[in-house]
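Asker: Sequence:
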Amino acid sequence: MADVIPANACSPFAAIDWSRPWNAPLAERGARWQSAALAGYAAYLDALNADARAAALVSGRGKPLGFIAQDDLPEGASYEAHIAQTGCVPTRHNLHDFFNGLMWFAQPRIKAALNTRQAMQIDALGIGPTRGGVRDALTLFDENAVLFACADRALADALRRFDWRTLFVTERAGWGTRCEARIFGHALLEKLVAPYKACTGHAWIVEVPDSYFSVDDTARRAMLDALVAERLLSEPLDSRAFSPLPVLGVPGWWDANASADFYDDTSVFRPGRRIR
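Numbering (our numbering), first residue to last: 472 to 747.
Read the hints as simulated data drawn from the structure, not as lab findings. Accuracy of the hints is not assured; some may be wrong.
Each pair of labels, with its calculated beta carbon distance range [to be verified]: (1) Gly533 / Thr737: 46 to 52 Å; (2) Thr641 / Ala514: 46 to 52 Å; (3) Gly647 / Lys534: 24 to 30 Å.
Keep in mind the model is a prediction, meaning the values are calculated, not measured. Virtual Cβ for every residue (Gly too), placed ideally from N, Cα, C.
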């Protein structure tokens, strides 16, 4: 098996802090998986597959989902096509694939929709030296997306035009009542194991009703799962659909951003642009 990480306290898995606001929604399952991953590759895959059987997850083409060692991916097979056709997710013993697995449980309809679109593109165009615009956008979503749930168009517009002062300072009270951010991209979650100020996600704006902010975390996540999956399967997609979001600017996510001058750093909070 490739990429096996030693089972000890120096493992990168030991560095995951489930008290971080972006990790907290994943903490219950994540902490169990973390213990399994620290025990070794086989124990880790066993934990993922036990949960997959219990949750009855499916791939983009409706195949029962399971997790296999990366070395079990047939030579020459496409990763996304293999998942769609078999339900088997090649999984390495590393943080990147750890968070990818967690997201299959946290947002299963979105993950299946991404897998569906990827497989459709592969069926139509094959596997070439480049992915093409649609597959690039799908991969960007999978790796680095932040779901920006918003019930106030003015806040969504502020994000689109890089109006950080409005989004994070003037309208700060709107976070949690009119907008919120949820990290979806597994590569972004991996980066945030060791957070740094310039860490930036690609925000996907999701219009939600006011009632979204009066229900619990489970209901919010389910609503986003349905809304986003439907859009991914029905809308054209390219990289221009995203808005950059420096994630440590999200109120409550980083102690230093309690001070308004945190947002004066133009190397991170860059000047605005026109609304497309």
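Asker: Sort out which numbered hints this structure fails and list those numbers smallest first.
Answerer: As far as the earlier hints go, only 3 is violated by this structure.
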